[in-house]
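S.K.: Residues per chain, in single letters:
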Amino acid sequence: MSSEQPGGLAPANPGEGASPAYVLLHLYIAGATPNSTRAVQNLKAICTQYLPGRHELLIIDIYQQPELASQQQIIASPTLVKLWPLPVRRLIGDLSDRHKVLVALGLTPPDSAPHD
Amino acid sequence: MQDMLASSAAARPQLPKAPTGIDGLDEITEGGLPLGRPTLVCGSAGCGKTLMGVEFLVRGILNHDEPGVLMAFEETADELTANVTSLGFDLKALQAAGKLKLDHVHVDRSEIEETGEYDLEGLFIRLGYAIDSIGAKRVVLDTIEALFSGFPNQAVLRSEIRRLFRWLKDKGVTTVITAERGEGSLTRQGLEEYVSDCVILLDNRVIDQITTRRLRIVKYRGSTHGTNEYPYLITEDGISVVPVTSLKLAHEVSDEIVSSGVPALDAMFGRRGFFQGSSVLITGTAGTAKTTLAAAFAAEICRQGKRCIFFAFEESPRQLVRNMRSVGLDLAPYQEQGLLYIESSRPTLNGLEKHLVTLHKLVAEQKPAAVIIDPISNLITVGNTAEVSSMLTRLIDFLKVHNVTALFTSLISGRNVQQEMTEEGVSSLVDTWLSVRDLEGIGERNRGISILKSRGMSHSNQVREFIVTDEGIQLLEVVVGPAGIVTGAGRLTQQLQEETLALAARQEAERKDREIERRRRMLEATIDNLRTEFESVEEELRRINQEELLRQQAQLTNRQQIASSDGRPSAASPPLA
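Each protein sequence line maps, in turn, to chains A and B. For the first sequence, my numbering assigns the number 63 to the initial residue and increments by one for each residue that follows. For the second sequence, my numbering assigns the number 16 to the initial residue and increments by one for each residue that follows.
Just chain A, same shape as in the assembly (with noise of 0.2 Å):
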C-alpha cells in the first residue's frame, strides 16, 4: 500500500485540495443502455476538462467480458471505479452528479457550487 503520489502532489484522501498528477480511471458499463452511453459521454467530458493528459481510461463492456463482472465485483452498471490514486473508489450510476465526481476523482470542483 504506497501512499507516495505520481508528482506528490495530491493528498490521499480526496477532497479540497490540488489536482493528484495521473488517474487510472475503469468504467465498467452494459452494453450501450441509456444509463451506460451517458456515463461515457459524462466521463469523457470530465476527463477532458480536468485532466488532459494525465488520465488513463478503460471502459470495459461487462456484457462482453462478464467473468470481469464477479472478478472486480461489479453490481451496478455503470460503475466507475477510480484505481489510482488510491484509495480506490468505485461511483455507481451515470455520473451525472458532477459535482460528487469531482470531489470523488480528487478533483477541485470549479466552485463552491453543487454543480453547473
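What the hints contain is simulated information worked out from the structure, not anything from laboratory work. The structure presented is a predicted model; accordingly, all values stated were derived computationally and were not measured. Ideal Cβ placement from N, Cα and C applies to all residues, glycine included. Take the hints with a grain of salt, since some may be wrong.
As the list claims (entries may be wrong) - Listed next, the stretches of chain B that the computed footprint assigns to chain A, with coverage defined by at least 3 CB atoms under 8 Å from CB atoms of chain A:
{"no.": "1", "segment": "129–135"}
{"no.": "2", "segment": "142–150"}
{"no.": "3", "segment": "158–170"}
{"no.": "4", "segment": "250–257"}
As the list claims (entries may be wrong) - Counterexamples of contact, computed for chain A against chain B with all Cβ distances above 12 Å:
{"no.": "5", "residue": "A83"}
{"no.": "6", "residue": "Y84"}
{"no.": "7", "residue": "L86"}
{"no.": "8", "residue": "T110"}
{"no.": "9", "residue": "Q111"}
{"no.": "10", "residue": "Y112"}
{"no.": "11", "residue": "L113"}
{"no.": "12", "residue": "P114"}
{"no.": "13", "residue": "G115"}
{"no.": "14", "residue": "H117"}
{"no.": "15", "residue": "E118"}
{"no.": "16", "residue": "L119"}
{"no.": "17", "residue": "L120"}
{"no.": "18", "residue": "W146"}
Take the given structure of chain A and dock chain B to it, following the hints.
M.R.: Structure of chain B alone, referenced to chain A:
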C-alpha cells in the same frame, strides 16, 4: 414415504417441482420447491437459512445432477466451503467438477458513491454468466437484502430486485433466496415474500431453556402444502425436517405375533403375545420392574435373531447389562452379535426433535424388529406435555409405518396408584397397554401386572402377581381368597389355610375309610359266628336224626325178635339169627 407422496400426487397434474433432497422437506412441500421459480427462505439469525440453501444445491447436484450457482452476499466462497465441510459437503470438489459455482458479491457502502442513475445489471450479468457457464438449474442467493446496506437508493433496488426475480423465472432456474426476518414482517424489506412463489419461514425458539427450530411454509403458489409448524434440526448430515405426524393412517399391518419374553405374560393374551409392529406401553410406579419387562422383551427379540434398539434414558448400557444379568437376562452376547443396540443418553442432552431424529436414523440404519424406549416419561423434562405428546405420536406413527414393534415404559405418579393416565397422553395411541403396580398390603409391597388394553385380541382381566427372580420374571398362579385375588403374605396365608383344610379333609377321609373297614370286619365276624352257630345246630340236628334212625332200627330189630319167638303176636318180627 415417497411412495405415499407419489400416490397422492398421481390423482391430478401437479405444479412441476424440484425435489430439495432435504430430509422431510419434500414431504411437506409435497414434492419440493416450485420448479423454475423463486422460493424465499427467511428466518432470524442462526436458523440455518444459508445451510438450507447450500444443501438444496448440493443435493440437487448429487441426487438429480442439476448444477447450481451460489451467490453469496455475506460469506466468501472460502468461508462457506469451510462452514459446510463438517456436514460432508465438499464444495471444492463440486466446483472442480464444474457442477457448482460460488460467487461472492462484496457490498461495501463506504466504497460506493452514487453519481446518477444506475441499475444492477452487473449483478444480472454475473449471475447469468455463472448460470450459463455450468448450465445451472438451481440458484441460491444468500442474502440478497445485503444489497440494501450497500445501495442507498431503495427505489432502484426494489425495482431491480423485482426485475431479478422476473429474470430468474424467465431463465427457468429454481431459486432459493434467503432473507433475514424483519420486525413484524417476514423480511426486512418486505419485498421478497411478495415476489417469491414459495415462502419458507424458519424459526428458532427457546422455551424453558430448550431450543426448538421450526419450519413453516407460509405460502406456496399453485400447490397445496403442509401448513403446520414442523420441527427441524441441523444434524451432522444437514437439515432434517420432521413432519409432525405422518400423513395418513394407512400403514400395513402384520398378523404375526411376537412374544413378550415372559411366557406366562404371553398366556394372558388371546394370541399369546403382541402383534408385530404394534406399540406397547408399560406404565407403572417406581420400582415395578418396567425396565426388566422391557429387557425381557429385548432379549426375546434378540433370541429370535432379530435386531432391537434399546433407548435407555436412565441407565448406561453397561449398567443396564449388569442390572439385567442379576435377574437372569444376559444381554451382553446379543450386544456382541450386533443384535441389540443400546443407546443411552440423558433426555436433556438433546431437544426432543434431536431424539426423534436420532431414532429415525438408527431405525433406518439398523432396521430393527423392535424399539424400546425406557422411559418416555423422562422426555417430559425436555419439553412440555404437548410437545412430548406430539413427538411420541410422530414416533409411534413412524415405527408403525416401518412395522417395528415399539415398547415404551412410562413412570406414573406414585401418589395415585389407580391413575391410569400417562402424563404424555399417549395411552390412546398405543395398541397394548400393560400396567404394573405395587399392590401394597399390610407391611409389604407386591408387584402386580395387568393388561389394560390389547387391540385386536382378547386378554386376561386378572391382576397377576409377579416376582423378579434370578431366572427372570415369573408370574405366580392366581390365588383366589374369600375377598378376591390375594397376593403376597395374604397369598401365603391363603395357601396355608388351604393346605390345613386339605389335610383335615384327608384325615377325615382316612378316618371314614378306617370306619368302613372296621364295620366290614365286624360284619364278617358276625357272619362267622352265625355260620358257626348254624354249623353246630346243623350238627346237632344231624346227630338227632342219626339217633332217631338208630333207634328205629333197634326198634325194628326188637320187633322182629319178638315176632320170631313162639306164638307171640308179634310174628312180624324177623327171627333173630
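S.K.: Against the structure shown, which of the earlier numbered hints fail to hold, in ascending order?
M.R.: 4
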